[in-house]
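A.B. asks: In order, the protein sequence lines correspond to chains A and B.
Read in order, the letters of the first sequence are residues 302 to 738 in the numbering used here.
Read in order, the letters of the second sequence are residues 193 to 1128 in the numbering used here.
Don't read these hints as lab results, they were simulated from the structure.
C-beta atoms are modelled at their ideal positions from N, C-alpha and C, and glycine is treated no differently.
Some clues are possibly wrong.
Said to hold, decoys possible - Quick list of in silico lysine-lysine cross-link-like pairs, PhoX-like style, CA-CA up to 25 Å:
#1 B:923 to A:574
#2 B:1003 to B:857
#3 A:605 to A:563
#4 B:853 to A:574
#5 A:723 to B:1003
Said to hold, decoys possible - Not close to chain B: a few residues of chain A, all C-beta gaps over 12 Å, as computed:
#6 418
#7 629
#8 668
#9 678
Here's the letter readout for the chains.
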Amino acid sequence: MAEYDLTPRIAPNLDRHLVFPLLEFLQERQLYNDNHILKAKIDLLNNTNMVDYAMDIHKTLYQTEDVPQDMIERRADVVARLKSLEDAAAPLVAFLQNASAVQELKADKHYNLQLLNDKYQIGPAQIEALYQYGKFQFECGNYSGAADYLYQYRALCTNSERSLSALWGKLAAEVLMQNWDIALEELNRLKEMIDSKNFSSPMNQVHSRIWLMHWSLFIFFNHDNGRTLIIDLFNQDKYLNAIQTGAPHLLRYLATAFIVNKRKRPQFKDFLKVIQQEQHSFKDPITEFLACVYVNYDFDGAQKKMRECEEVILNDPFIGKRVEESNFSTVPLRDEFIENARLFIFETYCRIHERIDMGVLAEKLNLNYEEAERWIVNLIRGSKLDAKIDSQTGTVIMEHNHPNVYEQLIEHTKALNSRTYKLVTQILEHAQAPAAH
Amino acid sequence: MASRFWTQGNSDSDDDEPTDIDEPSSDTEPVDEPTNNTANRYIAGIHPDDSDDDDGQKRVVKSAKDKRFDEMASTVDQIKNAIKINDWVSLQETFDKINKQLDKVMRVIESQKIPNLYIKALVMLEDFLAQASSNKDAKKKMSPTNAKAFNSMKQKLKKNNKQYEDLIIKFRETPQSEEEKFEDDEDSDQYGSDDDEIIEPDQLKKPEPVSDSETSELGNDRPGDDDDAPWDQKLRKKDRLLEKMFMKKPSEITWDTVNNKFKEILEARGRKGTGRFEQVEQFTFLTKVAKTPAQKLQILFSVVSAQFDVNPGLSGHMPINVWKKCVQNMLVILDILVQHPNIKVDDSVELDENESKKGDDYDGPIHVWGNLVAFLEKIDAEFFKSLQCIDPHTREYVERLRDEPLFVVLAQNVQEYLESIGDFKASSKVALKRVELIYYKPHEVYEATRKLAELTVDGDNGEEVSEESKGFVDTRIIAPFVVTPELVARKPTFPENSRTLMDVLVSLIYKYGDERTKARAMLCDIYHHALLDEFAVARDLLLMSHLQENVHHMDISTQILFNRAMSQLGLCAFRVGLVSEAHGCLSELYSGGRVKELLAQGVSQNRYHEKTPEQERLERRRQMPYHMHINLELLESVHLTSAMLLEVPNMAANVHDAKRKIISKNFRRLLEVSEKQTFTGPPETVRDHVMAATRVLINGDFQKAFDIIASLEVWKFVKNRDTVLEMLKDKIKEEALRTYLFTFSSSYDSLSVDQLTNFFDLSLPRAHSIVSRMMINEELHASWDQPTGCIIFRNVELSRVQALAFQLTEKLSILAESNERASEARLGGGGLDLPPRRRDGQDYAAAAAGGGGGTSSGGRWQDLSYSQTRQGSGRAGYGGRALSFNQAGGSGGYSRGRGMGGGGYQNSSRTQGGSALRGPHGDVSTRMVSLRGVRA
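Work the whole structure out from these sequences, hints included.
C.D. replies: In structure tokens, the structure reads:
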């Protein structure tokens, strides 16, 4: 199943630290050789300051107690730098920890800067040090500290470029601490900045968007409301464009969100077209499933794909998230996905059929006969399906009610009334407005 | 030589008389130039008997002869006057007059000999004509009547002069004119005509047969003599130059002497009386004696420009051997530049003339005037022109094509040099030239070029050198002062794959090129991707670059390139089985019926618009050389076949209201025409084939339809023909099934799917899928009965009143729609919170715009003509219409803010499209947008 693993495509768009959860997941799923993953982890850590962690991994990987010399040197180095940065930022940190002093700050940035400068002798150098310190903390894996410092820094910083990177840092820290609500706030803030900022080249903007979308995957698949939000974000024209140009693999997540989320039907049709277009650049069972159901009407194929989808979901670090309940571990998204996918197939199937054999239907839905019958009865009872079961022949008979001609006509003209009314009010308002002036 | 004139004089007793009488009209006795060793034969021949009875005869003979000659002389005067004021109308008249007079004179003197006076007039006219036709500006300024007269005069004179060709030449050899300045003109033009003869080998051939037949009485050795004489003269001149040069010993030649001589020759450039070939050779000689590398370089640049001068007109091309030498010179220039990195080539600053004095040992930067890129572009243009001119079906054309590696190597070297000095802007231009040589080559051709380049360039080079040394045996007496080793590669290097080469060049251009270069490179890139069947990539590039919107503002040659890229994209889409995309790409090309013109592959005749010669010439200059052509027949078959596949089921679906939803107007028209025919013969053209196939397809006979289409010869030009035909067969089956269901669904109550699969030879899942799609899209009112595998039809027949009521509601909503839009336009947008219906309305509007005017759908295809000041009132509306069309739907349609891709084409504003209206994606037929137009 490694062929559908997206980690290699996602990782380049993430922060080093954010890749860890993915690697952890892969290790758990045992898709790859354990040693490979450990090596990858060390590679990853080499450019961070989490030297202790790297040492631990090294030990497990090579089954030794020895640690290479350069790691030890590096550790000393990191500690020394941490020390110096801490010293540099100390005055500001001290100030910020003093609750009563912080009270003096107001919403006005310039006033604050002035105040700090006059009263506490804290100038731009210290503020800059705070940023560096926060960054260093992040690199050492102290995410909560980093998040705090970067938050404070943003309140004081005047350089928009720096402020943006502080925001990225804050977001990453919050994601790693799994504070999904705060992370979502940061995400929205960042999104606004990216959309409003003037980038030197459109290219950068597209890249930023792609990054943002990758990072947001952590949040959306953990946040309660994430499945709706992901559609809202990804399906925006600008972001969809970015996906199509730079990261078509994100379509998997969007497709999943669409399948799981029943309320977003209007956008769904457009999304199907996107999937068709991007067939040449990205294809996986989930998108193929959609193509089978909605483009080719190949229900046997859809059913096959559905089984593959299950595998894909289980092996995906984002959508395959496990929830531990007492002794069980379930994958909530998988169950939901399967249920909805089944409904998708059934819905489409019913639309074009008048009579369906239950046995065939059960097979198509990946259920046994009894289950299928129960499932359908439930649907009929929930008045989601206008049909009856003929148990003698073992068929479901659809009851198509086609609106008769008169109803159709009324339907067509219904809206006209309100539209015209609206139009008239609009014109009247406009006519009155100049008169009032 | 003299004896011939003697005999001539004697045999024709009357000969002396006309010339005699001619004399009074000439003011002064012509004085022989001392250098002219071919004696003036007329004078030599005439004087003996002339000297004694000159006076007497003149007084005595006041005969008709005299009168006629006087008349003629006065006409000649009139001609002269007309020439002075550039009045072609009166020239034409007088020319007719003099021809009539000639008849009379001939009758009177009863001889075969054409009077000298007449010949002189002819020569005068010819010279003036040559002068006028080379002077473009003046020609433009002429009034229409004058220009017309000029053109007809040109024709007449050409025809007329043919009869007297040898006499004219003879006359030119021994100019017997009265005015000094006249002689000058003649001299220069003599060289001019020499050049012409070299340029057009067939022109050289032409005079011989004529003169052979006519000069029987003048002696058979004449023709050879005619051709030799000017050359003799020329050689003599060269000798003189060399003599001048060699008067000094090599050691005495200093920088100054060379520089002075150089300037002297340079000043003569463009003047009358300067032989163009001669100048080239003078310069070439100077390069041998140049003292410093910089000077050599300077002179070499002049050599190259002088070589460009060799061909004066815009229409002809540079002689091929000169072109080759030119390329060699450029290579030498590069050699020098590479050898002396301190020499900079520059064309922006006025330079100190002593700059080139700085010698080998000088360390600082030396500036030399010149523009490598401009030269290279000119060489390329000449290569292109020569291919345009040469008949593509001859061996000559193939030979000429073999010279391509020569240019490729030059371009490659220039590019490398420019990159080494860090001038990336210029190097991107050169890269474009290279791209333009590759982009149209499919893989096989590219391979062949690569092999050819590896094999022949060496041979060619050697040949070249030997030829050169042959030509300059006498100049090679002293070794050149500045020896330049061959530093730059003389062999082009090609990577294995054309794609890699394209990628390298194109990404360079995207990085450094200017707007136009980038656009052209992008189009070439698209073309090449399409050629390699990478439809998705090509399509993405096209849409990302927003070229479709901007191409209207570009120059015509870029527009042609755009059209070429679009047609290639269409072919590519067809090959990979995307029929509606193929149709989308090609339909606009075919909507105007001017495919040839749009692709610059020939001039299409238009009944309603006579083209002026000027327009025609411009168009001819734009033509693509034959080897770059896109097969028009193939293009047409692809277009019509895809139109058929789309239109046949569409027609079947909308039998009742034929006016709506026309996918291909062109196709419909052709179908109508073919239906009108009383008898239809077996198909001959592509069109006939497709129409025949359509007729059987309408009845659902897919096999026959496929057979007819497959019998087209052109499919053999399609890469992997078998898979394409297989695809085609599949598509035809599918559309046949659809058509069948549309047409006959009302006759069935239920229909077994097995029967359908039998009818149309389709697999069960495929048939099921097709029918299901029709049901979902509500094209077919039916549903499946799964246990029995039947389609159950639910036909609801609308009564007439009901149908009309539906139409009424439809119209009402359109009305409401347009009201809303009108008020929105007046009150400013955003005020109305319109229901989602609005989008559909927009689709409708776009569809109406597309369908309503077949003309307006031509908007995407750049209409070459409206930059040509056409006056047809229909045309004027055309452009405007197309524009408004763009505004209506275009903003939504394309503004996909994509734009990254591998090193993307980034100048487009990618941030747009955020609030863009959803484009008319429902409307597949009319625009390319729909390729990706899902999202605005």
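A.B. asks: Decide, hint by hint, whether the structure agrees.
C.D. replies: So, going through the hints one by one against the coordinates:
| no. | hint | result |
| --- | --- | --- |
| 1 | B:923 to A:574 | 21 Å, holds |
| 2 | B:1003 to B:857 | 24 Å, holds |
| 3 | A:605 to A:563 | 22 Å, holds |
| 4 | B:853 to A:574 | 22 Å, holds |
| 5 | A:723 to B:1003 | 19 Å, holds |
| 6 | 418 | 38 Å, holds |
| 7 | 629 | 38 Å, holds |
| 8 | 668 | 17 Å, holds |
| 9 | 678 | 19 Å, holds |
Violation of the numbered hints given earlier is absent; every hint is satisfied by the structure.
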